[in-house]
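*Asks:* The task is simple: from the sequences and hints, build the whole structure.
Number of protein chains: 2
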Amino acid sequence: MYETLRKHIEKQITLTDEEFDFVQHHFKSRKYKRHQFIIQEGEMVKYSYFIISGLTKLVYQEESGKSHIISFAMEDWWESDFNAFLTQQPASFSLECIEDTEVLYISLADYKTICSQLQKIASFFLEKAHFGNIAAQRRILSLLTSNAKARYEQLLKQYPSLFQRVPKSLLAAYLGVSRETLSRLAG
Amino acid sequence: MYETLRKHIEKQITLTDEEFDFVQHHFKSRKYKRHQFIIQEGEMVKYSYFIISGLTKLVYQEESGKSHIISFAMEDWWESDFNAFLTQQPASFSLECIEDTEVLYISLADYKTICSQLQKIASFFLEKAHFGNIAAQRRILSLLTSNAKARYEQLLKQYPSLFQRVPKSLLAAYLGVSRETLSRLAG
Numbered sequence: 032m033y034e035t036l037r038k039h040i041e042k043q044i045t046l047t048d049e050e051f052d053f054v055q056h057h058f059k060s061r062k063y064k065r066h067q068f069i070i071q072e073g074e075m076v077k078y079s080y081f082i083i084s085g086l087t088k089l090v091y092q093e094e095s096g097k098s099h100i101i102s103f104a105m106e107d108w109w110e111s112d113f114n115a116f117l118t119q120q121p122a123s124f125s126l127e128c129i130e131d132t133e134v135l136y137i138s139l140a141d142y143k144t145i146c147s148q149l150q151k152i153a154s155f156f157l158e159k160a161h162f163g164n165i166a167a168q169r170r171i172l173s174l175l176t177s178n179a180k181a182r183y184e185q186l187l188k189q190y191p192s193l194f195q196r197v198p199k200s201l202l203a204a205y206l207g208v209s210r211e212t213l214s215r216l217a218g
Numbered sequence: 032m033y034e035t036l037r038k039h040i041e042k043q044i045t046l047t048d049e050e051f052d053f054v055q056h057h058f059k060s061r062k063y064k065r066h067q068f069i070i071q072e073g074e075m076v077k078y079s080y081f082i083i084s085g086l087t088k089l090v091y092q093e094e095s096g097k098s099h100i101i102s103f104a105m106e107d108w109w110e111s112d113f114n115a116f117l118t119q120q121p122a123s124f125s126l127e128c129i130e131d132t133e134v135l136y137i138s139l140a141d142y143k144t145i146c147s148q149l150q151k152i153a154s155f156f157l158e159k160a161h162f163g164n165i166a167a168q169r170r171i172l173s174l175l176t177s178n179a180k181a182r183y184e185q186l187l188k189q190y191p192s193l194f195q196r197v198p199k200s201l202l203a204a205y206l207g208v209s210r211e212t213l214s215r216l217a218g
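Residue numbers (my numbering), protein chains in the order written: chain A, 32 to 218; chain B, 32 to 218.
Treat the hints as calculated values from the structure; they're not laboratory data.
All figures in this text were calculated on a predicted structure; none of them were measured in a lab.
Some clues are possibly wrong.
Since the list gives no way to pick out one identical chain from another, each pair is judged satisfied if it fits inside one copy or across any two copies.
Stated by the list, open to error - No more than 25 Å apart at the CA atoms, straight line, and that leaves these computed lysine-lysine pairs for DSS-like:
| no. | residue 1 | residue 2 |
| --- | --- | --- |
| 1 | LYS97 | LYS188 |
| 2 | LYS42 | LYS180 |
| 3 | LYS97 | LYS62 |
| 4 | LYS42 | LYS151 |
| 5 | LYS159 | LYS143 |
| 6 | LYS97 | LYS180 |
| 7 | LYS62 | LYS151 |
| 8 | LYS42 | LYS159 |
| 9 | LYS143 | LYS42 |
| 10 | LYS77 | LYS199 |
| 11 | LYS143 | LYS38 |
| 12 | LYS159 | LYS77 |
| 13 | LYS77 | LYS59 |
| 14 | LYS159 | LYS199 |
| 15 | LYS64 | LYS199 |
| 16 | LYS188 | LYS199 |
| 17 | LYS77 | LYS64 |
*Replies:* Set out below in structure tokens:
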């Protein structure tokens, strides 16, 4: 399990055994069942999560009850309500498991410790953050271009495995289209 | 001008004169007139920009000619086509000046140099990247909730100064609503 984390980090940087040992000691692991919550809206967000296996959705629920999916995350991805995590405030989003999910998690204090004591890890997370930003920019663009068909095809191309694993109703909530529109696009 | 950059950095971290000197020597400055392009779509993106004064829009143009505004940036903000900058590819977006704009800019090689040689600067940019991610997440949410009125009010609350400085047609392109809808909301 920690090997998965090491492989993930070593796609970008190389760590000695001692350095990886130092890093991994700041993480803990936990398993969740399908439908369980990793983060519940309104609760303090103490951790950032690295997904070892499984699939999650980060959800925002309007007061009216309508739900929106901010992002999906699966093995090899980092996920949290990052605003709440970094500012140590209650969650605005909930993080729910679509499949049985196993995670490694780290507290903000430990995250700051490994970044300040190991320059290479700070670089690693800086690059992750940059590419998170790029993905978000792409998503914004995709929502602005307001063409449901193009949005659907872009997602299909970027993350083909999502289409096997995610129920159609959730894909529709992610794309910001109705279930009926999605069926038409997928047909 | 470099004092503005120093003040901006020192909101988060403290630098000695020697350290700031090291940092500032990796930046250059340039002035642009209103309507000039800092980045043109299709050209290589060599730099990331720190805005000293002025106001810019990051624009995506569809093949049909329809334009979408990804983001506005003004004094004290960092802006670029970050995907193109970080992967050293041609720009998908253009960065245009809405007002006369003065920037400091840094190349990717120099950015990597200052981050790897000065741990505190890597931490500074990591925090910037995190909060860029949070802002993007908020924008995604605002586009998903698909309520033009709420979107307008959120923007007004977050960036009141934009409303004095940005023409209504550009605000509409940012919010993803028609000029007519915006007039109705602002009325």
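*Asks:* State for each hint whether it applies.
*Replies:* Against the structure, the hints come out as follows:
With identical chains, the CA atoms of LYS97 and LYS188 are at most 25 Å apart between copies only, with a shortest distance of 23 Å across copies and 27 Å within one. Taking the closest pair of Cα atoms, LYS42 and LYS180 never come within 25 Å of each other, the shortest separation being 34 Å inside a single copy and 44 Å across copies. Taking identical chains as interchangeable, the C-alpha atoms of LYS97 and LYS62 are never at most 25 Å apart, the minima being 28 Å within one chain and 47 Å between chains. Proximity of LYS42 to LYS151 under the C-alpha cut-off of 25 Å is found in both arrangements, the shortest distances being 13 Å within a copy and 24 Å between copies.
Proximity of LYS159 and LYS143 under a CA criterion of 25 Å is satisfied in both settings, with 15 Å inside one chain copy and 14 Å between copies. Both within a single protomer and between protomers do LYS97 and LYS180 lie at most 25 Å apart by alpha-carbon distance, with minima of 22 Å and 17 Å respectively. Taking the shortest Cα distances, LYS62 and LYS151 never come within 25 Å of each other, neither inside one copy (29 Å) nor across copies (35 Å). With identical chains, the CA atoms of LYS42 and LYS159 are at most 25 Å apart both within one copy (11 Å) and between copies (23 Å).
In this assembly of identical chains, the alpha carbons of LYS143 and LYS42 lie at most 25 Å apart whether taken from the same copy (21 Å) or from different copies (18 Å). Neither within a single protomer nor between protomers do LYS77 and LYS199 lie at most 25 Å apart by alpha-carbon distance, with minima of 31 Å and 41 Å respectively. For the identical chains of this complex, LYS143 and LYS38 are neighbours both inside a copy (21 Å) and across copies (23 Å), given an alpha-carbon limit of 25 Å. Taking the closest pair of Cα atoms, LYS159 and LYS77 come within 25 Å of each other both inside a single copy (20 Å) and across two copies (20 Å).
For a Cα distance limit of 25 Å, the shortest separation of LYS77 from LYS59 inside one copy, 12 Å, qualifies, whereas the shortest one across copies, 40 Å, does not. Neither within a single protomer nor between protomers do LYS159 and LYS199 lie at most 25 Å apart by alpha-carbon distance, with minima of 29 Å and 35 Å respectively. Proximity of LYS64 to LYS199 under the C-alpha cut-off of 25 Å is restricted to the intra-copy arrangement: shortest distance 20 Å within a copy versus 49 Å between copies. Only within a single protomer do LYS188 and LYS199 lie at most 25 Å apart by alpha-carbon distance; the minimum there is 16 Å, versus 35 Å between protomers.
Proximity of LYS77 to LYS64 under the C-alpha cut-off of 25 Å is restricted to the intra-copy arrangement: shortest distance 20 Å within a copy versus 46 Å between copies.
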